[in-house]
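Visitor: These are the residues of each chain, in order.
2 protein chains.
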Amino acid sequence: MNLHDLVNRPTAWLPGAGEGGGIVVSSRIRLARNLKDTAFPGWAGEDECAHIWRRLVPTLREAPALEKPLQVDMGDCSALDRHILFERHLISRELAERKAGGGLFLRGDEGLSVMVNEEDHLRLQALRPDLDLSGAWREVNQLDGELERDLDFAFSPQLGYLTACPTNVGTGLRASVMLHVPGLVLVKEMTAVVKGMAKIGLAVRGLWGEGSEASGHLFQVSNQMTLGEAEAEIIGNLEQIVTEIVEHEQNARWRLFEQNEAYLRDRVGRAIGLLTHAHVLNSKEALDLLSDLRLGIDMNMVEQWNHQVVNQLLLQTQPGHLQKQQGRRLKPGERDVARADMVREQLRQSKEKRSGNSDE
Amino acid sequence: MNLHDLVNRPTAWLPGAGEGGGIVVSSRIRLARNLKDTAFPGWAGEDECAHIWRRLVPTLREAPALEKPLQVDMGDCSALDRHILFERHLISRELAERKAGGGLFLRGDEGLSVMVNEEDHLRLQALRPDLDLSGAWREVNQLDGELERDLDFAFSPQLGYLTACPTNVGTGLRASVMLHVPGLVLVKEMTAVVKGMAKIGLAVRGLWGEGSEASGHLFQVSNQMTLGEAEAEIIGNLEQIVTEIVEHEQNARWRLFEQNEAYLRDRVGRAIGLLTHAHVLNSKEALDLLSDLRLGIDMNMVEQWNHQVVNQLLLQTQPGHLQKQQGRRLKPGERDVARADMVREQLRQSKEKRSGNSDE
Numbered sequence: 003m004n005l006h007d008l009v010n011r012p013t014a015w016l017p018g019a020g021e022g023g024g025i026v027v028s029s030r031i032r033l034a035r036n037l038k039d040t041a042f043p044g045w046a047g048e049d050e051c052a053h054i055w056r057r058l059v060p061t062l063r064e065a066p067a068l069e070k071p072l073q074v075d076m077g078d079c080s081a082l083d084r085h086i087l088f089e090r091h092l093i094s095r096e097l098a099e100r101k102a103g104g105g106l107f108l109r110g111d112e113g114l115s116v117m118v119n120e121e122d123h124l125r126l127q128a129l130r131p132d133l134d135l136s137g138a139w140r141e142v143n144q145l146d147g148e149l150e151r152d153l154d155f156a157f158s159p160q161l162g163y164l165t166a167c168p169t170n171v172g173t174g175l176r177a178s179v180m181l182h183v184p185g186l187v188l189v190k191e192m193t194a195v196v197k198g199m200a201k202i203g204l205a206v207r208g209l210w211g212e213g214s215e216a217s218g219h220l221f222q223v224s225n226q227m228t229l230g231e232a233e234a235e236i237i238g239n240l241e242q243i244v245t246e247i248v249e250h251e252q253n254a255r256w257r258l259f260e261q262n263e264a265y266l267r268d269r270v271g272r273a274i275g276l277l278t279h280a281h282v283l284n285s286k287e288a289l290d291l292l293s294d295l296r297l298g299i300d301m302n303m304v305e306q307w308n309h310q311v312v313n314q315l316l317l318q319t320q321p322g323h324l325q326k327q328q329g330r331r332l333k334p335g336e337r338d339v340a341r342a343d344m345v346r347e348q349l350r351q352s353k354e355k356r357s358g359n360s361d362e
Numbered sequence: 003m004n005l006h007d008l009v010n011r012p013t014a015w016l017p018g019a020g021e022g023g024g025i026v027v028s029s030r031i032r033l034a035r036n037l038k039d040t041a042f043p044g045w046a047g048e049d050e051c052a053h054i055w056r057r058l059v060p061t062l063r064e065a066p067a068l069e070k071p072l073q074v075d076m077g078d079c080s081a082l083d084r085h086i087l088f089e090r091h092l093i094s095r096e097l098a099e100r101k102a103g104g105g106l107f108l109r110g111d112e113g114l115s116v117m118v119n120e121e122d123h124l125r126l127q128a129l130r131p132d133l134d135l136s137g138a139w140r141e142v143n144q145l146d147g148e149l150e151r152d153l154d155f156a157f158s159p160q161l162g163y164l165t166a167c168p169t170n171v172g173t174g175l176r177a178s179v180m181l182h183v184p185g186l187v188l189v190k191e192m193t194a195v196v197k198g199m200a201k202i203g204l205a206v207r208g209l210w211g212e213g214s215e216a217s218g219h220l221f222q223v224s225n226q227m228t229l230g231e232a233e234a235e236i237i238g239n240l241e242q243i244v245t246e247i248v249e250h251e252q253n254a255r256w257r258l259f260e261q262n263e264a265y266l267r268d269r270v271g272r273a274i275g276l277l278t279h280a281h282v283l284n285s286k287e288a289l290d291l292l293s294d295l296r297l298g299i300d301m302n303m304v305e306q307w308n309h310q311v312v313n314q315l316l317l318q319t320q321p322g323h324l325q326k327q328q329g330r331r332l333k334p335g336e337r338d339v340a341r342a343d344m345v346r347e348q349l350r351q352s353k354e355k356r357s358g359n360s361d362e
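Residue numbers (my numbering), protein chains in the order written: chain D, 3 to 362; chain S, 3 to 362.
These aren't lab readings, by the way, just hints derived from the structure by calculation. Bear in mind that the values here come from a model prediction, so they are computed numbers and not experimental data. The reader is advised that the hints may include incorrect statements.
Stated by the list, open to error - Incomplete in silico selection of chain S near chain D, CB under 8 Å: (1) F42; (2) E260; (3) A264; (4) R267; (5) G271; (6) R272; (7) G275; (8) L276; (9) T278; (10) A280; (11) V282; (12) V339.
What the hints assert, rightly or not - 30 Å max Cα-Cα, derived BS3-like pairs, lysine-lysine: (13) K355(S) to K353(D); (14) K355(S) to K355(D); (15) K286(S) to K190(D); (16) K353(D) to K101(D); (17) K286(S) to K355(S); (18) K190(S) to K286(D); (19) K286(S) to K286(D); (20) K38(D) to K70(D); (21) K333(D) to K190(S); (22) K70(D) to K101(D); (23) K190(D) to K355(S).
By construction, the Cβ of each residue, glycine as well, lies at the ideal position given by its N, Cα and C atoms.
Please build the complete structure, drawing on both the sequences and the hints.
Guide: Here it is in structure tokens:
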């Protein structure tokens with residue numbers, strides 16, 4: 003496997019083959035771990051980071067849970083490849099900016115990975131489609147155990163795992179769920195929901211993490227607390243809240259449908275009209291239109307397409323993926339034209355395939 | 003023929019059958035005439051207007067040029083039918099508001115008509131598709147001659163024909179041309195063109211006359227002067243100016259195409275996407291989208307549709323036509339849904355018919 007293979011396929015959190023993916027798009031668990039008696043990456047010099055990297059490589063290569071992973075050394079990684087890994091939620095913005103002495107180990111299905119020398123020496127991450135925090139926890143926990151056999155982690159009996167940023171001390175665990183909530187946004191209740199979650203110690207962010215806008219009605223909800231709660235408790239709490247949000251969202255959708263079906267059909271119809279006919283499309287508009295199309299599929303208003311093609315386009319319309327696919331750097335104006343061409347073509351092919359299948 | 007027949011067919015200024023209709027949509031000539039020694043309609047009482055109407059009916063019924071016209075007495079005309087006649091440019095807003103003692107005589111093809119007791123006793127009107135002011139003038143002039151054999155018109159050897167409003171005294175002639183100039187609007191040159199025309203004594207108005215917005219990039223250009231110029235001179239001047247505007251418009255379109263083909267294709271594509279997929283469409287948006295589709299057809303960017311269906315929809319998306327077709331009064335919200343349904347359906351049928359034909 004190499005990076006080129008990634009671009010045209012679905013990723014762990016956006017299943018391509020199944021019909022899955024309703025309101026909860028994906029679940030993610032990450033664990034922060036650091037080596038004992040070793041400076042955190044932010045304090046370590048270039049040489050020390052390179053040393054840490056070399057020390058971790060053999061362990062990560064051989065960790066059974068990673069199943070002979072793809073190894074990406076940031077020092078050898080082009081700007082475009084970094085961008086693609088970021089768009090697939092496999093590396094953070096911070097790691098994408100690192101020059102050398104850090105990188106990524108990635109299981110073939112992208113469901114399990116480890117970032118090396120981001121803010122912490124190790125960031126273990128499991129990604130799953132749908133609401134499945136327990137499944138993600140099992141995977142990441144197994145990997146954590148495998149690594150611990152080989153490595154000495156910085157750990158305090160009072161505090162738990164030690165991390166570069168105090169907000170991660172303790173379990174080092176961040177559980178997060180990506181939600182698609184156009185209904186709550188359209189009935190103007192999402193602001194209240196976000197406020198309510200903040201009160202009970204949850205963070206709400208846009209599709210690409212902290213500071214990113216909530217394009218495409220996609221939000222990430224995650225725990226803020228890592229200290230004083232057991233892993234199972236953190237995960238259980240988040241799962242419960244998410245289940246409640248999902249109910250609110252379903253309720254909002256059906257209220258919209260009952261009160262103004264024409265408005266909803268118009269919204270979905272216009273999204274389809276523009277996605278299949280525009281010749282210039284920026285990534286924000288593409289994301290928003292794909293969100294409306296996805297809503298239409300969820301609500302059985304759309305027959306020509308399924309979640310699969312929408313999920314695929316959600317990734318492929320991003321600037322990095324788009325340029326990788328085109329095989330060259332594109333100026334922003336050129337990108338918008340290439341994006342519109344690609345979206346029209348993919349939706350055309352997918353519709354033909356589907357109507358072909360249904361004729362059988 | 004009755005009014006019900008009108009709704010589903012093209013009108014004189016929007017040919018339905020042909021492929022005609024580029025930048026100049028239609029040409030119109032109207033003549034204002036009044037009876038000698040008789041109060042103008044605005045000064046005449048109800049009884050006197052009824053008397054004038056009765057006096058004019060036999061002459062207009064028998065005028066050969068009108069070919070046994072449809073006679074519409076405003077006293078018997080429903081609000082919806084008035085609206086339809088107004089939308090077809092066959093009566094003015096003023097006549098549409100008259101209760102009785104006035105009306106319309108209409109030749110079957112709608113190309114020639116007479117309004118009775120609008121601002122003047124008689125308003126003769128000839129409507130032609132494309133740029134054909136001379137053709138319209140021939141028709142209206144012939145009708146004028148036929149009426150003059152039977153009627154005594156108010157005429158002053160010094161001033162010419164006398165009219166209720168001094169701006170019409172003299173020839174009583176207003177020549178106007180409807181232009182579709184999206185190119186000039188998009189390159190932001192239309193404001194300058196409008197100013198230039200005002201300087202040489204031409205008026206520029208929107209699709210539905212004075213005070214109406216220039217929806218759908220449609221503008222009416224007409225002479226302001228009726229006194230001191232012969233008919234042929236007025237018509238010749240206007241024809242020359244219009245020919246220049248057409249050149250400017252063509253130039254603007256090709257500049258747009260050369261400088262930013264993607265933008266133009268996007269504009270046309272989006273219009274098609276929305277017209278074929280929206281479920282809620284107000285009349286202003288419909289007009290604007292039809293304008294973009296028309297531009298696409300003019301520029302050979304669109305194969306699925308021709309001018310015919312666009313012209314048809316230009317009329318049928320108007321509130322009066324829409325309600326007549328649905329056979330009932332519709333609230334504005336209901337209209338927008340019915341309009342979107344109708345547009346989608348007509349475009350679907352027209353596309354199927356066209357692709358069916360091309361398969362033969």
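Visitor: Could you tell me which of the numbered hints above are not met by this structure, giving the numbers in increasing order?
Guide: As far as the earlier hints go, 1, 2, 16, 23 are violated by this structure, in ascending order.
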